[in-house]
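Following the hints, complete the assembly by docking chains B, C and D onto the known chain A.
Chains as they are written, first to last, in the working numbering: chain A, 17 to 405; chain B, 17 to 405; chain C, 17 to 405; chain D, 17 to 405.
Think of the hints as simulated: they come from the structure by calculation, not from any bench.
Only true hints are included.
Copies of the same chain look alike in the list, so a pair counts if it fits in one copy or across any two.
Think about it this way: if two alpha-carbon atoms lie no more than 20 Å apart in a straight line, the pair counts; the simulated SDA-like pairs of lysine to any residue are:
(1) Lys276 / Arg320
(2) Lys276 / Leu194
(3) Lys276 / Gly386
(4) Lys276 / Asn193
(5) Lys276 / Val387
These figures come from a predicted structure and were not determined experimentally.
4 protein chains.
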Amino acid sequence: MPVLRSIRERLAREHPLDGLRVGACLHVTAETACLAHALVAGGADVALAAANPLTTQDEVVAALSAEGCAVHGRRGEDADAYAAGVIAVVDGAPQVTLDDGADLLTVLHSARPQLLDGLVGGTEETTTGLLRLRALEAEGRLVCPVIAVNEARTERLFNDHYGTGQSTLDGILRATNLLLAGKTLVVLGYGFTGKGVALRARGAGAQVIVCEIDPMRALEARMEGFEVMPALEAAGRGDIFVTVTGNRDVLSRSHFDRMKDGAVLANAGHFDVEIDLAALSAAAVEEPRDVLPLVTQFELGDRRLNLLASGRVVNLAAGQGHPAAVMDMSFANQVLAVEHLVSARLGPGVHPVPEAVDREVARLKLASLGVEIDSLSDEQAAYLRGWLA
Amino acid sequence: MPVLRSIRERLAREHPLDGLRVGACLHVTAETACLAHALVAGGADVALAAANPLTTQDEVVAALSAEGCAVHGRRGEDADAYAAGVIAVVDGAPQVTLDDGADLLTVLHSARPQLLDGLVGGTEETTTGLLRLRALEAEGRLVCPVIAVNEARTERLFNDHYGTGQSTLDGILRATNLLLAGKTLVVLGYGFTGKGVALRARGAGAQVIVCEIDPMRALEARMEGFEVMPALEAAGRGDIFVTVTGNRDVLSRSHFDRMKDGAVLANAGHFDVEIDLAALSAAAVEEPRDVLPLVTQFELGDRRLNLLASGRVVNLAAGQGHPAAVMDMSFANQVLAVEHLVSARLGPGVHPVPEAVDREVARLKLASLGVEIDSLSDEQAAYLRGWLA
Amino acid sequence: MPVLRSIRERLAREHPLDGLRVGACLHVTAETACLAHALVAGGADVALAAANPLTTQDEVVAALSAEGCAVHGRRGEDADAYAAGVIAVVDGAPQVTLDDGADLLTVLHSARPQLLDGLVGGTEETTTGLLRLRALEAEGRLVCPVIAVNEARTERLFNDHYGTGQSTLDGILRATNLLLAGKTLVVLGYGFTGKGVALRARGAGAQVIVCEIDPMRALEARMEGFEVMPALEAAGRGDIFVTVTGNRDVLSRSHFDRMKDGAVLANAGHFDVEIDLAALSAAAVEEPRDVLPLVTQFELGDRRLNLLASGRVVNLAAGQGHPAAVMDMSFANQVLAVEHLVSARLGPGVHPVPEAVDREVARLKLASLGVEIDSLSDEQAAYLRGWLA
Amino acid sequence: MPVLRSIRERLAREHPLDGLRVGACLHVTAETACLAHALVAGGADVALAAANPLTTQDEVVAALSAEGCAVHGRRGEDADAYAAGVIAVVDGAPQVTLDDGADLLTVLHSARPQLLDGLVGGTEETTTGLLRLRALEAEGRLVCPVIAVNEARTERLFNDHYGTGQSTLDGILRATNLLLAGKTLVVLGYGFTGKGVALRARGAGAQVIVCEIDPMRALEARMEGFEVMPALEAAGRGDIFVTVTGNRDVLSRSHFDRMKDGAVLANAGHFDVEIDLAALSAAAVEEPRDVLPLVTQFELGDRRLNLLASGRVVNLAAGQGHPAAVMDMSFANQVLAVEHLVSARLGPGVHPVPEAVDREVARLKLASLGVEIDSLSDEQAAYLRGWLA
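So that you can see chain A by itself, here it is in the shape it has in the complex:
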């Protein structure tokens, strides 16, 4: 994680976070430890609760604890232990929060309002968390600034477009060992992630069909050279289907009824609702069976459909999740967002990652790649300003 490392090195020199109480509720992994190290290097005191007992790495808990962070969490702990961890971090009266689902800020607003006064602000890493916080804001109850880290441009570029684009295909290949060249792959949803999946599928030799509900995205797909058509029409054409819409029942009974024998169904969206699993089971004439570890086959009488990873998000369920390069960008945005909260004193509300932070993360990433770029000469800068004179 070279970007985070270079930020840590600067923070260690500048100590811009001296004495700052940071409370975090994140997945406790090796990457998160690097994030904590950077904050500590900058002078912060860090308390950490595990965002999910299933992802907690106990050796990371031990190591961070040994270094003086207050870490609450144990792999497989129960819901009460988890809730106690969140409360413990909140009761440390954090000045800045780092959330992965808005738990710290929600608890602060609802159960510990007396601690809100000392709050400088928070960051949020997930779409789900942002939905909760924006609902709070819409009700006029959000009292602090929150920076929407997962909407940073560098984050979207690495996480959604390139990261998930690559890892979704990777998950499909690990589950099936199919040859993508010559296959027809249908991408349902052409948002940031869907674009990444479509791009990579074409790069792997597949013929790609895009289905959309938004005319602007549909037109973008068409102009990019993809075939665009309604999902019902695509149902009869595809060898592989990938849902990535954020919506439910994107593939349902009417689609299953038109699919070819051997079609593969994968979901790249966050929740396992995009493929209508109940309808799929109902369509089957016998009990589904696992033909490979991550492939469940549904016998429809005249055809068989193959569901990957039970319809759960295929890049995580069948692959290794995000490359470290992706987390590097996320956590770099996190740390710089904390620094920005401290220096900028924003008003209450959900704020975007400042363009300057985004650009700084990009700059550091380029430096880590050894890529140099140009800068404006004085004459050129003056020329640009000239327009406004």
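Structure of chains B, C and D alone, referenced to chain A:
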């Protein structure tokens, strides 16, 4: 121009512009006639001044005049005649203006303030015009709403990315008849247009190097698989150079000194300032000579550099300019922007094209292509709303 | 033409063709003059007849004559003058012939058998010429070796794949100024040239459909990610059709009947037989009209079809033909083939360009591009030989 | 394996192999069982020896034995048992052999010459086996025809180009979980497989550099838009290196000395000689350590290099090997080659797979994909023949 045609057909049925006085200052071409027809079909009275005497098509002037539009302009008319045309349109007390460089609105604000009262608003088609209008707004003097048509997403997609991307290469090929496969093409500037040029150059088999001053754009280029480096380093690598930055002296003496024998220099930016022509002439050891109609060769002693179209924007100067499909999108946005100005009664200031207009243009374009897309079921719409409940 | 130039420089040093009588029947253009110069530099005496009166450049005739070549031809000369030129070259008793359609060798075999004794061999540049010569060979009558220059790998790569691939699209754009992005382009025929057209069309943002009669080529297209289907089915899908099969009536009445309004028909094959022009005229309900200089529109009642360049080969008829880089490779193969004929003393029959010649042309081209490559170490060479030990 | 299945169904109807004794020495896997079934369906008696004790699937042995095939092999059996299996198959006096390394034919020629009389011919699946058989042929000792199945065009297309292209990247991703977008990947060797790796790496967003020793291949790579340079120069540029040359020491000490910190080294060639492992160990200043299950890190003092899968072929060692679609094409060629041997009665020597077989495999594959293609009309066929008239 199928999108504009379908809008015209609807306007002819609905007459939403009945009695509206529209004043336009645009290039008087066959495409502009279609735009005027659509406005007239909607019930508007249209007065038109020619935005540039060099592009005026006299037969279009005649035809529109015969149809009852007041058209001012003649190919090759002098500056006085041009100015008189603008004044004539302004003096018609337009309720909505269509500008291609902000002339109508500038004259209205400066020379005919008494007519501002009746003004509903205007549209602007160019970056230059927007710079002028935004300067006016910054001074607190802009009294009407202006819609920035050239910043619509559909406009950028067709005009900048795909349109100029294709036509820039087309201009280079017409001027040189070079084989692009196997060549190294350097794109200086990775904005909307630069991305289009880079994409198309790669699609034509060239190896593409990108130069940028913005780290975010540079990172995007790198992640897209392009090589990114400073222009001075690229100078020694390129066979073909394309400037598309909006800035001056992007290629200058230090670059010329490192270029290979036979290198080709083309500009895809609006003004002919991006290649430092004075420095190029100064570097030459003898008088430049035209080796092909659009290729001027500069003998540097040990090497020769080939400048295309005197450094003027190569897609227009060496090619045919934009395909009709591009103008179709621009003018569709124009007409819908006029309709929006009338119905929405916006406050003073430069406004973006509303997303609904952009989406409607996309929808009509898809329809003209025969592309159908999906729509949300009630259950799916409810599911999306559910997040906010 | 850097490859030909480097060959000429070597020939000028080595004089391997000293005193050799070379007779050529080629298009008399500036490029051909470079070819003649290379042969003369190597010591040959060159006599040249114009292969086609329409392509003869009189200033090249004059210049070559002034340099001592015997050149027969004048732009626009009649058939008798043309035939006299061929006879004149033949009567010079050439030891090596360079043909562009097999005229010299055919005349030698039929009308001047007494001169065959002195013949070392010939080269042939065209498919048509090779068909004639192979027919002669099949009858057991071909008495000399002929090298099939147009089947060299470097020739096919530059001429068919990259050269015609690029120039075909270029011709279509010059004729129509269409935006290719978002269009569906149907390529009929997936040979060397068809592959090039399909690749470049995809690179320009089009969605590409391939039609074929050969299962192997069809499978290659499919594995490359193209959609493959029968032409009748593609007829209803395409916006642009490009024939490149070498066969007749590839697009005929049944296809026209299914095409969309505004469909564009272009031929990239050698002869204007691939689009059934008689059927197209018969389908029209009124006289065809030229809507643009190179676009003839056929009104079919409910739809209009647009034929480019009267169905003649579109890259030549609507574009500038081959880039110089392509001719450079062809003529480099020509000269090295002459050298090979002299040194190798082949038996009668049509021979491929020796792999060593092909590789040498590739090597010189790389050198002209400034590209360096690796060579085997002694240990590596030994390792490879080891397999056979 | 739909292609093999459709062949089996035809053979079951036609019985062209009635009573034919087929001896095979192949990997005993589920796919091989399908091959055996097809031969048996055609009327053959099949005896099978396991080509490699490590790949033998005992349940397949059991199943085939139960069906009446004589199968010799057991997972993990020793060399004597293996040799005994080969002898047993040979002693069954096969009329046709199927080899995966030339063991059956070598034993027949050397140890059982008396059985050669009854031999109709054999097929060979591997490059290694062909080298042995061609050496035998060069010595004038090969007494039967052998068909080189692995040189079929369909085989190369699926196996080398698309199969290994995809699975090599897949192996690298499984070993490292790297994000390929934005990385520089160096492909050493641009043969069938190297082209596939380069194509797929570019499709995954990497910037690709190609190193070659052959000018023709180097030129092809350059014309395809790849950067081409000597390996020593590429050494300092690459993030990931993939060797696929068939030669030894392609990456050696001089390259390691220039590589960047963190560079990844993978081999996609058959043998683990392409990366000079001894030199890599010698360059390390401490004991190499496994940082991930398939990643060994070499500390060079100032930099670390990461070797994948101990330099063994990365698509097999770190991935799942070939998709079933690839084996389907191989075994389809095998069965049709057996049929051809029986019907065509070829002379001794190594023969290519007949074009008709290749085309038939392509045809069946297209059918299995549901792809239809065109056929020549009588008029078109006559037109083509006309050239020769």
